[in-house]
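Protein chains: 2
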Amino acid sequence: MPVATTQSLEELCINSIRFLAVDAVEKAKSGHPGLPMGAAPMGFILFDQFMRFNPKNPQWFNRDRFVLSAGHGSMLQYALLYLTGYDSVSIDDIKNFRQWKSRTPGHPENFETAGVEVTTGPLGQGIANAVGLAVAEAHLAATYNKPDCKLVDHYTYVILGDGCNMEGISGEAASIAGHWGLGKLIALYDDNHISIDGSTDVAFTEDVSKRFEAYGWHVLHVENGNTDIAAIAKAIETAKSVTDKPTMIKVTTTIGYGSPNKANTAGVHGAALGGDEVKLMRENLGWEFAPFEVPADALSHMRKAVERGASYEAEWQSTYAQYKAKYPAEAAAFERQISGQLPPNWDSVLPTYTAADKALPTRKHSETCLNKLAPVLPELIGGSADLTHSNLTEIKGYGDFQKGQYQNRNIHFGVREHAMGAICNGIALHGSGLIPYGATFLIFTDYMRAAIRLSALSEAGVIWVMTHDSIGQGEDGPTHQPIETLASLRAIPNLTVIRPADGTEASGAYYVAINQAKEHKPTLLAFSRQNLPNLDATSIEGVTKGAYVVADCDGTPELILIGTGSELNLCTTAAEKLTAAGKKVRVVSMPSFDLFEAQDAAYKESVLPKAVTKRLSVEAGSSFGWHKYVGTEGDTVSIDRFGASAPGGVVMEKFGFSVENVLAKAEALLG
Amino acid sequence: MPVATTQSLEELCINSIRFLAVDAVEKAKSGHPGLPMGAAPMGFILFDQFMRFNPKNPQWFNRDRFVLSAGHGSMLQYALLYLTGYDSVSIDDIKNFRQWKSRTPGHPENFETAGVEVTTGPLGQGIANAVGLAVAEAHLAATYNKPDCKLVDHYTYVILGDGCNMEGISGEAASIAGHWGLGKLIALYDDNHISIDGSTDVAFTEDVSKRFEAYGWHVLHVENGNTDIAAIAKAIETAKSVTDKPTMIKVTTTIGYGSPNKANTAGVHGAALGGDEVKLMRENLGWEFAPFEVPADALSHMRKAVERGASYEAEWQSTYAQYKAKYPAEAAAFERQISGQLPPNWDSVLPTYTAADKALPTRKHSETCLNKLAPVLPELIGGSADLTHSNLTEIKGYGDFQKGQYQNRNIHFGVREHAMGAICNGIALHGSGLIPYGATFLIFTDYMRAAIRLSALSEAGVIWVMTHDSIGQGEDGPTHQPIETLASLRAIPNLTVIRPADGTEASGAYYVAINQAKEHKPTLLAFSRQNLPNLDATSIEGVTKGAYVVADCDGTPELILIGTGSELNLCTTAAEKLTAAGKKVRVVSMPSFDLFEAQDAAYKESVLPKAVTKRLSVEAGSSFGWHKYVGTEGDTVSIDRFGASAPGGVVMEKFGFSVENVLAKAEALLG
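Protein sequences appear in the order of chains V and W.
Oh and the first sequence: position 338 is 338 in my numbering, straight run, nothing missing.
Oh and the second sequence: position 53 is 53 in my numbering, straight run, nothing missing.
Please keep in mind that the hints were generated in silico from the structure rather than gathered at the bench.
Careful: at least some of the hints might be erroneous.
One copy or two, it doesn't matter: identical chains are merged, so the pair holds either way.
[What the hints assert, rightly or not] Heads up, simulated DMTMM-like pairs for lysine to aspartate or glutamate below, C-alpha to C-alpha not over 25 Å straight-line:
no. : residue 1 : residue 2
1   : 27        : 653
2   : 372       : 519
3   : 101       : 653
4   : 518       : 640
5   : 27        : 87
6   : 279       : 10
7   : 326       : 667
Take these sequences, add in the hints, and give me the full structure.
Below, the structure is given as C-alpha cells:
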C-alpha cells in the first residue's frame, strides 16, 4: 500500500520534516519531537515559499533571518537546513542528533551550526533576539539604503511557542517591537496549547492575540496549522503587506501531529515516541520510507532552495555593484563595517588622565568614551533600560532610534532589562558589524542574567554598560546595591568583566570592549556612581592585562594591596602611609579577573609573586572569588552582607571601605 | 492668605502626604517625590476609606495587605504609615529619610519598617509579590473558612507604575493572576506617563488596559487621579464587587502634581525639587505649613485609623473566638501554622539510606521528601515553572491550585520563573506560616535571580527546588547546563545553597530548608538529574554543618578530596584506590559552603585542617569560589567553560568528571 506516493509534493515535504524529527529523537532516545511534528507545515512554507537565503552561503548578508524561539524543537530547524541543502547539516548529522561533537546539538547553537542565527532554548530569548535582528535590519536600511537602491532589505521570521509567550522577556520584547513598528518582523506562534505540565489550561488561558494587539502588533490567526497550507501562506503574505507593524500569526496546531496516541499530549513534547508509536505513526500518515529516508521528490523539491538562493544572492550582488558605483563612499563605509574591521586609529580618541585631572565618576568617563567613539565607530548603537541619564549612555547628536527614525543610534529600551539584553544579542548576531551596548544599574544584571549568559555562550559581541557598581550607590539602599553581583558575573565563562578605577582605566575598558566585540566576545563594564580621583600610574595597557602594578617598593614587597574600581585609591593612599611607616608595599590594580587569567604564568608571577603571601584585596563587593588571589594567608576588605540606605560616602565608611580600615587590616596581616 | 484652611479635609490630608514626601526628599537631598505627589489621592483613599489594618498591631493576621510596587515612591508609604498612626514611622523617622540606620530607607523594606509587607524597588517585583499575598489569602480562606465563619478574608492592594508595567515579571504575574481569578487582588496603576527617560512616549505606547483584559483582569479607568477622589473611591468599590477576577484600575495622574514647573516631567521623578520650586509649590497649593508640619485636622482625621483598626481587629478576634469554639481542631491547626511553629517530630518522616539502597537521582529523593513532608506540614505549598514532572515536585493527593480550587497545594506557575520567584516570596511574606517552594532547572535561576535575591534580602522563607544541577543534564546542551550557577548563587548573602550527594543528604537538605523557612531564611536546593549511589557515611547532621568527613585515614591526611552532590562518589571511589595504594586520604562532603561558614573555627579546622594543603575539590561546576577551600596549593576538578550537548554520562566523562581524572589530579598534587 504505497500511500506515500498519493501524497502531494507539499505533504511529502512536510512529512519528511516530521519523520526526520521523529527518527532523530528516536535514535538519540532524547529530544523534542512534538513541536517539529506540529510546526512542520509552517516551517516548510517559510523555507520553501517565503524565505530568501542561500544554503551555500549561510552568511550572505541580505538573507532573511529565521529564529526558532522554541529552541527545543531544534529538529525542525535541522530538518529544514538539511532539506534545503545547507552543508552544515547532513543526514549523518541528523542521525547524530544530540551526540558529542555533533553539529546538531539539543538546542540550536549559532556557533555550532551554520544557518542557525542565534542560540535558543531558554524560552522567550529567541523572539527577543529576533527583535534585535529586525532592529539591525531597520537601522542599516535607514542608514545605507538609497531611494534607488535597497542594499539592506530582509525579513526576520520567528517561530515561538506557548512557553515563549509565557515568559516575561517575550512580553517586554513584543511591547517595544510594537512601539518601534518593526514591520519586517513576522512571528509565527505555534499555538499547540500543550506545555510540559500538560494542557495550557493549567496555567495559560490568557488571550495572546489580544495581548499582541495591545502591544501594537498586527495579529492574524490560522485556525488549522496542521494541514491548511494555503492559509499559512496567505497569512504570511498578509503579514508582509503590513509594513508599519510587526505581525504575529497565531497558527493553531496539534503538538505531535500524526502520532495516533500521543498527539495533543505533553508526552510528545520532550521524549521519543517509542518504536511502537513510531510504527503506528508511519501507518497513520501512510509513510513507507525507512528511518532517515527522505523521498527523492521531496528532497529534490526542497533542494531547489540552493538554486533559488544562488539567484537571490546574485541579484543582491548586482544591486550591490550598482550601489558601489553610484555611492562609493557609503559602499566603502558599509563594506568596512560589515567586514568587522575597525577603522584605523579608532582608539586614538580614547582619553587618558593624570592625577591633576578632576575627580569624576567612572560612569562619566564612560559617557566621554561613548561620545568620543560614536563618531569614529558608526557601528556603535545602544542605550539604556530607562536610566539614560543615570547610566550616562546617550551618544549626543545621534538621535533616538524610533519608528521611522531607524537611522538613529540611541535606543530607549524602556524598563525592560531582559529584553534589552536579548535585543542587544540579536543586533550583535545580525553579523553586520554592529556593536550594541545595553545599560542599566549593575544590580539589575540580575534581571537580564540569562541574556548576558547567552551573549557569552553565543559569541555576541555586546558591551554591557553597568553603572552604580557598589554600595557607594548610596541612598537607594540594599535593593539597589550590588554585593555579590561582580562575583556572579565574573563566574560566567567567556564574559570579560572590567571594573575600572579612573578615567584612564575607563578608556582601557572601552579599548578592550570594542576589540572584543569585534572578536564576538561580550564585555561587561562596571562603573561608579561616585567621583573617583585619577591616578598617574593607571594605564590602558594595564587594563588589557587585567591586573598590573600601580605602586611598588624596592625589592620584594612584604604586602600586596589589590584594589579594583572605586577602591583602588584607598589602596594607593594606604600604601603611601604604610611606605612612610617603613613597610614594603605594592599596589596592584585589578580591573579584570578574566583578562588577568588570560596572561601567561610569568606575567602573573611578576604581578602577584607566589612568595608574597600577605595580600589584601579591597573591593566594595563580596569576597567570593577573591581567595584565588589573596590566598589562604591573605585577607579581604569586602562586604558579605546586604548594604543599607544612606548617603554613599556614609555607607562606604560604615562598611569598612576607608583608608583607616585598609590600614588596620594591612597592619594585622603584617603582624 | 490662609488658603489651606479653605481646603477640604480630604485635600488637607492628601496635600499632607504630598508635602511630607517633598520635604523628606528635600531634606535628604535624595529620593523620588514625583510618584507620591501624583499618587497621594489614591494612597489616601485606600488607607482612609478602604483598607482594614491595625496600626498598633501591624502584624494583625487578617489585615488587608498593601504593596507599593513602585517602591521608589517609598515616601508615599512612609507618609501613610505615619499619618495613620503606625509606631514604626514617626515624624523624626520621616525627617531621617534615607539616612544611616533609619526606619525610612530609600525603598520600602519589610525587615526594617513594620507596616511594610514586602521589599520593593526592583520594578515589577511588588505586583508579583502581591499575587503571592493574594494566593496565600485565597488558599488559607479555602482551607480554613467555614460557611458560617470567615476566618481569613482580606484584600491585597497594590500601587504600581509605568516602570512596573514595562517589566516582564509583572506581565507574567498578571497573566497567572488572571488565570487564577484572584478576585481580592486590586491593583491601582499610577498612569503618570513619565519614566526616568522622560515621557513614556519614547518606549511605552502599548495599551496597558487592553493587555490586562487579555490576561482576564477586570479593568477600570479613573481619568483624573489628581483630584477626582470620588472616582477613585467608586472604582475601588466596583473592583471589590467583582469577585472572580483581579482588578486593575488605571488611575491617570500627573507625576509631581502641584509643582508648577516640574509636574509632568522626568525631573520630578527621582530628585529633590529644590528650595525655590518647593516654595512655588507651597504657593501653588496654598500650603501655609512649615516643612514636616501636618495640619492638626488632617492628622487627627487620619489617625482615626487607630480606632478603626482596633475595632477591626476586635471584630476579627470575636469571629476567631466563635471559630475556635465551633471548630477546635481546625482552630488548633490554624493557630499552630500561623505561629510559625513546626509540629513535633515533623522531621521523623525524612528517610535515610544505606549503600545497599538503589541508586537514584537526588531529584527523586527530593520528590520523596516533599511527599513525606506534605502530610505533616500542611503549610507546604508550591510547584514548578512548567517542569513538574522533570523537577518531580508534585505532592500527590493534594490537588492543583486553580480558580475555585484554592485549597489545593500544587501550584502550576507556567513558564514564568521570575513571577514564580516573586509569588513564592509573597506567599512567604504573608506571615501565615506557609512554606512555599518554587522549582525549575538550576540554570533557569538566571531567569528569576532578582526574586531569589529578594527572598534572601527580605527574609522570605522560601525553598527553591532546582534540579538538573550540572552538565550531567546531558543532551539539552550548554543552554541548559549550569556551570557558574552554583557559584553565582553561593555568592548571594543570606541564601543557603545546598547540593546533596545522595538520598540521606537530600533529607538533610530538606531538614535544613524547612527549619530555615521558619526562621525566614530561604534555601536553594540543587538536585541531580542522574542516578547517584547512596553512601553509608552521609548523614543529615553532616548536611547541617555544611561540610563533614565521610571517609578518613589514620592520622593526618596527605590529601583531602572535597566533593559535592553528584561528584562525591567520585571522591570516595578515588580515595579507596589511593588508600589501597598506601596514601593517606580524607574525603569531605561539602553540600553547603554557607552552612560550613556558619560553623565555629574549631569545627572548620577539624574538617579542613590548615596543615593539610593538598586539597582537591571535585564539583561539576565552575572553580569560582573554591580556592577559599582548596587554597593556593590545592587544585580543582571543575569546568570553567560552557558545556556541550551529548548524553550526560558522556559529557561528564569528557569534561573530566571521572574517577580516572580525579586520581590523576590527586596524584599530581601528591607529587
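Homomeric proximity label, residue 101 with residue 653: Cα distance no greater than 25 Å: between (52 Å within a copy, 14 Å between copies)
Within, between, both or neither, where residue 326 and residue 667 count as close if Cα-Cα is 25 Å or less: neither (71 Å within a copy, 69 Å between copies)
Alpha-carbon proximity between residue 518 and residue 640, which holds within one copy, between copies, both or neither at 25 Å: Between copies only: 23 Å across, 36 Å inside.
Copy assignment of residue 27 with residue 87, given that the CA separation must stay at most 25 Å: within (22 Å within a copy, 68 Å between copies)
Intra- versus inter-copy proximity for residue 10 and residue 279 (alpha-carbon distance at most 25 Å): within (22 Å within a copy, 75 Å between copies)
Status of residue 653 relative to residue 27 across identical chains (alpha carbons, at most 25 Å): Answer is between; shortest inter-copy Cα gap is 21 Å, intra-copy 62 Å.
Identical-chain pair category, residue 372 with residue 519, by Cα at 25 Å: So residue 372 and residue 519 pass the 25 Å test inside one copy only (21 Å; across, 53 Å).
Checked against the numbered hints given earlier, this structure breaks only hint 7.
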